[in-house]
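Asks: Going down the list, the protein sequences come from chains A and B. Those letters in the first sequence? Residues 1 to 336, by our numbering. Those letters in the second sequence? Residues 1 to 518, by our numbering.
Simulated from the structure, these hints should not be mistaken for lab results. Fair warning: this is a prediction, and the values are worked out from it, not measured in the lab. It is possible that some hints are incorrect.
Facing chain B, from chain A, some residues (calculated, C-beta under 8 Å) [what the hints assert, rightly or not]:
| no. | residue |
| --- | --- |
| 1 | Ile-33 |
| 2 | Arg-37 |
| 3 | Asp-40 |
| 4 | Arg-47 |
| 5 | Ser-60 |
| 6 | Gln-256 |
The beta-carbon is built from N, C-alpha and C at its ideal position, and this holds for glycine as well.
One-letter residues, chain by chain:
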Amino acid sequence: MITEKGTMKSKPAGGVYAAPADGAVSAAVAAIIAGARKIDEVGANERADFFTKRSVKKQSKLAVLNLALSMCDLTTLEGADTPGKVIQLCGKARFPATPEMLTDKAAGKALVIPSVAAVCVYPSLVAVAAKALKGTNIKIASVATAFPSGQGPLEAKIIDTKFAVEQGAHEIDMVINRGAFLSGDYQTVFDEIVEIKKACGEAHLKVILETGELGSYDRVRLASDIAIEAGGDFIKTSTGKVTPAATLPVTLVMLQAIQDHYVKTGKKVGMKPAGGIRTAKQAIQYLCMVKETVGAEWLTPDLFRFGASVLVNDLLKQIFKEHTGRYYYDKVFSLD
Amino acid sequence: MSTSSTENTKVKRDKTAADGEAAAATKVGAGGDKSSGRTFDFDYAPSIESTEIVKIQPQNKLFIDGKFVTPKSAKYFATMNPATGEKLAEIADANGADVDLAMSAASRAYTKTWSKLSGRERGRYLFRIARIIQERARELAVLETLDNGKPIRESRDVDVPLVAAHFFYHAGWADKLEYAAPGRTVSSLGVVGQVIPWNFPLLMAAWKIAPALACGNTVVLKPAETTSLSALLLAEIFQEAGLPDGVVNIVTGAGATGAAVVNHSEVKKVAFTGSTEVGKIIMRSLAGTNKRLTLELGGKSAHIIFEDAALDQAVEGVINGIYFNQGHVCCAGSRLLVEESIANVFVEKLKARMQKLRVGNPLDKNTDIGAINSEGELKKIRSLVATGQAEGGEFFEPTDIRLPEKGYYHRPCFFNNVAAAFTLSRTEVFGPVLTISTFRTAQEAIAKANDTQYGLAAGIWSEKGSKVYKVAQGLKAGVIWANTYNKFDPTSPFGGYNESGFGREGGRHGLLSYLEVK
Numbered sequence: 001m002i003t004e005k006g007t008m009k010s011k012p013a014g015g016v017y018a019a020p021a022d023g024a025v026s027a028a029v030a031a032i033i034a035g036a037r038k039i040d041e042v043g044a045n046e047r048a049d050f051f052t053k054r055s056v057k058k059q060s061k062l063a064v065l066n067l068a069l070s071m072c073d074l075t076t077l078e079g080a081d082t083p084g085k086v087i088q089l090c091g092k093a094r095f096p097a098t099p100e101m102l103t104d105k106a107a108g109k110a111l112v113i114p115s116v117a118a119v120c121v122y123p124s125l126v127a128v129a130a131k132a133l134k135g136t137n138i139k140i141a142s143v144a145t146a147f148p149s150g151q152g153p154l155e156a157k158i159i160d161t162k163f164a165v166e167q168g169a170h171e172i173d174m175v176i177n178r179g180a181f182l183s184g185d186y187q188t189v190f191d192e193i194v195e196i197k198k199a200c201g202e203a204h205l206k207v208i209l210e211t212g213e214l215g216s217y218d219r220v221r222l223a224s225d226i227a228i229e230a231g232g233d234f235i236k237t238s239t240g241k242v243t244p245a246a247t248l249p250v251t252l253v254m255l256q257a258i259q260d261h262y263v264k265t266g267k268k269v270g271m272k273p274a275g276g277i278r279t280a281k282q283a284i285q286y287l288c289m290v291k292e293t294v295g296a297e298w299l300t301p302d303l304f305r306f307g308a309s310v311l312v313n314d315l316l317k318q319i320f321k322e323h324t325g326r327y328y329y330d331k332v333f334s335l336d
Numbered sequence: 001m002s003t004s005s006t007e008n009t010k011v012k013r014d015k016t017a018a019d020g021e022a023a024a025a026t027k028v029g030a031g032g033d034k035s036s037g038r039t040f041d042f043d044y045a046p047s048i049e050s051t052e053i054v055k056i057q058p059q060n061k062l063f064i065d066g067k068f069v070t071p072k073s074a075k076y077f078a079t080m081n082p083a084t085g086e087k088l089a090e091i092a093d094a095n096g097a098d099v100d101l102a103m104s105a106a107s108r109a110y111t112k113t114w115s116k117l118s119g120r121e122r123g124r125y126l127f128r129i130a131r132i133i134q135e136r137a138r139e140l141a142v143l144e145t146l147d148n149g150k151p152i153r154e155s156r157d158v159d160v161p162l163v164a165a166h167f168f169y170h171a172g173w174a175d176k177l178e179y180a181a182p183g184r185t186v187s188s189l190g191v192v193g194q195v196i197p198w199n200f201p202l203l204m205a206a207w208k209i210a211p212a213l214a215c216g217n218t219v220v221l222k223p224a225e226t227t228s229l230s231a232l233l234l235a236e237i238f239q240e241a242g243l244p245d246g247v248v249n250i251v252t253g254a255g256a257t258g259a260a261v262v263n264h265s266e267v268k269k270v271a272f273t274g275s276t277e278v279g280k281i282i283m284r285s286l287a288g289t290n291k292r293l294t295l296e297l298g299g300k301s302a303h304i305i306f307e308d309a310a311l312d313q314a315v316e317g318v319i320n321g322i323y324f325n326q327g328h329v330c331c332a333g334s335r336l337l338v339e340e341s342i343a344n345v346f347v348e349k350l351k352a353r354m355q356k357l358r359v360g361n362p363l364d365k366n367t368d369i370g371a372i373n374s375e376g377e378l379k380k381i382r383s384l385v386a387t388g389q390a391e392g393g394e395f396f397e398p399t400d401i402r403l404p405e406k407g408y409y410h411r412p413c414f415f416n417n418v419a420a421a422f423t424l425s426r427t428e429v430f431g432p433v434l435t436i437s438t439f440r441t442a443q444e445a446i447a448k449a450n451d452t453q454y455g456l457a458a459g460i461w462s463e464k465g466s467k468v469y470k471v472a473q474g475l476k477a478g479v480i481w482a483n484t485y486n487k488f489d490p491t492s493p494f495g496g497y498n499e500s501g502f503g504r505e506g507g508r509h510g511l512l513s514y515l516e517v518k
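Construct all of the structure, not just a fragment, from the sequences and the given hints.
Replies: Below, the structure written as structure tokens:
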């Protein structure tokens, strides 16, 4: 059943999630469901494997490593996170390596190393991060909406989001309601994203699909379309709490959804694979995929991010290797 | 051999890319400064496979009776590297006397040794050959790419692994032939004469030699004149495996050599893969003899995309279907049939994807499409494209792609909205040229797909399984792929209908061509 165009089905009382009794969907959601592309799993995997065979070397490699570093959302999302932990993480974001390492002694000049794009923390720690990053261009991203499960009342999710924004978050990483999605209630998934987008105000919204829980690329594609149509500025693979997290083929499927949306509307939606990307080599494979699918216009932190923590050190290691011709050993890089 | 020739083929990339990189490194500083407004891009570094591993003899002999021998003809011809247009080596031009020698060696080997060995013993030789192929895979891949022009990514990841797989598979059959025709008695035929094409030189040699040997026959093989080198390297591998002398003989040369092989009185069976034109000549010349014949000829295979297909993967399937191996594939999906309701969307996706294809030095691991095999083929393709342009249809080629200055290259391209009556809808181009037409119903798709004098392969893309089966039932093609294209396996029989030839290669069906079933 389709209600009038633009009207939204009424929310369950008290914000508690319940599947709609009538199964009604708005025209917008009906159109998304009808238009969602199917994905051939074998074909998608095969295509994604292609990008592991590209060769990036020398000048290109250094530029791509720098780019990847500038795309990182340095992340800590533990129950055990404290102000101390977040302050140290922000320190890493500001100074990924010591000034000594940032000097090319042979050439007698400073190396230009980009900072990461953002730090990503829980809402309760956004204020701490805001203080620690004052005066820098590093963005603060906060997860919200009953992260990571999304199993909470919509009111709580809205409060969660508004709180993070008020505390100084520039970007909100929300999770979709997988309970609703997997029970077929796409309307609720859509409506929640719309509501959170409103609550974000000026803040950018990244919508986490948690692809490891969706079970098929068809569903990844449908969830991508819903997230994009509902107003997500970015779509993001995973919370990092579920295995598998980001993979090349899942990211490919999501990039294709972004591409189709761009062709249709001219609007560029960003992409953030998160979790499981640990090495510079993997990061380069992702960027090759971006280059060959949505195109070079997406090769900017404004439209592509890596959700990662371990990745940063491997990128640094490879960047210094490109500059100096030798590898620093692991202990040279701070843990966080 | 020297790598200088391959250096020359490097595609001259845009110099501004390097400048852009330097700028980008500073641009992406703290938080991503957008003020510069320049788009960052990077290019792949040429990653050229070294040719050091391959030793090419300047002058190549014939492989007869287990030895490399000087041709009686005393004639040689040049084989070129299509990526540069430079001469790679000289190949012996076998004449009738050379073919006679090869035939008597094969005949002797058949009666004295090979037919007397048990299946198990024959299998051991085949297993050994397969393992040596795997050990020398890189050497074979590099040589294949040098001589043929196909991208190293394909020769390394597709051709050579399949060659080994064919020997392994048929090694397994050698001692189980009684199960190839259950309840019947099978026996070998004798000497088989085999003539193979230049598009998959090694793979076609494997398709021909492996089942022939497994079934207890001996072989005289003639490779295509532009791509003889990898077959001669295969001969070295036979020597290394200790294959008894004369079991496989390789005579190089052009059409006259091929004619001498197929018309020789020793030959009990002829297997030919190549053009329909030559196939017809062979069929005429064998008429009235008691020789068996299998022909695997041309194609104009239909690739059908339904509106309920996984479109992005279907685009990839179409790319793989027609631009794989520069389109030098007999089963290439050269006629694209798209359901009209999605035609515009699909064609736009295809165009965008084609702009990203990388045409260039075949030895570069980043290359998607390599060199056209010979100057003659390139001329033929260009002339057919010109015909296509004269007849109508919207021509598209990705202008982002720059071709190397030297060597034989052709951009991947297509003609949209072509009529079934156009030359390009009916004639095999054997190059990276696709035709696109639309259809409205499954019945119409089947009718259009079958509207051809060929019938080698077809592809169907739909997420609806029942539709795929129903359409496949209606197609008159030897191989039908569903939601994929150009996938090969030694267990799967391959062959065609109508002017695409007869007989099957691979699988149990393929064995029957090399066996007398009583």
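Asks: Against this structure, judge whether each hint is valid.
Replies: Outcome of the hint check:
1. At its closest, the beta carbon of A:Ile-33 sits 14 Å from a beta carbon of chain B; the interface hint therefore is violated under the 8 Å criterion.
2. The beta carbon of A:Arg-37 is positioned within 8 Å of a beta carbon in chain B (closest approach about 6 Å), and the interface hint is therefore held.
3. Annotation: interface hint on A:Asp-40 holds; nearest CB of chain B at approximately 4 Å, less than 8 Å.
4. The interface hint given for A:Arg-47 holds, since its Cβ lies 5 Å from the closest Cβ of chain B, which is under the 8 Å cut-off.
5. The beta carbon of A:Ser-60 comes within 4 Å of a beta carbon in chain B, closer than 8 Å, and the hint placing it at the interface holds.
6. Annotation: A:Gln-256 was flagged as interfacial toward chain B, and the flag holds, the nearest CB pair being 5 Å apart, inside 8 Å.
The structure does not agree with numbered hint 1 stated previously, though it agrees with all others.
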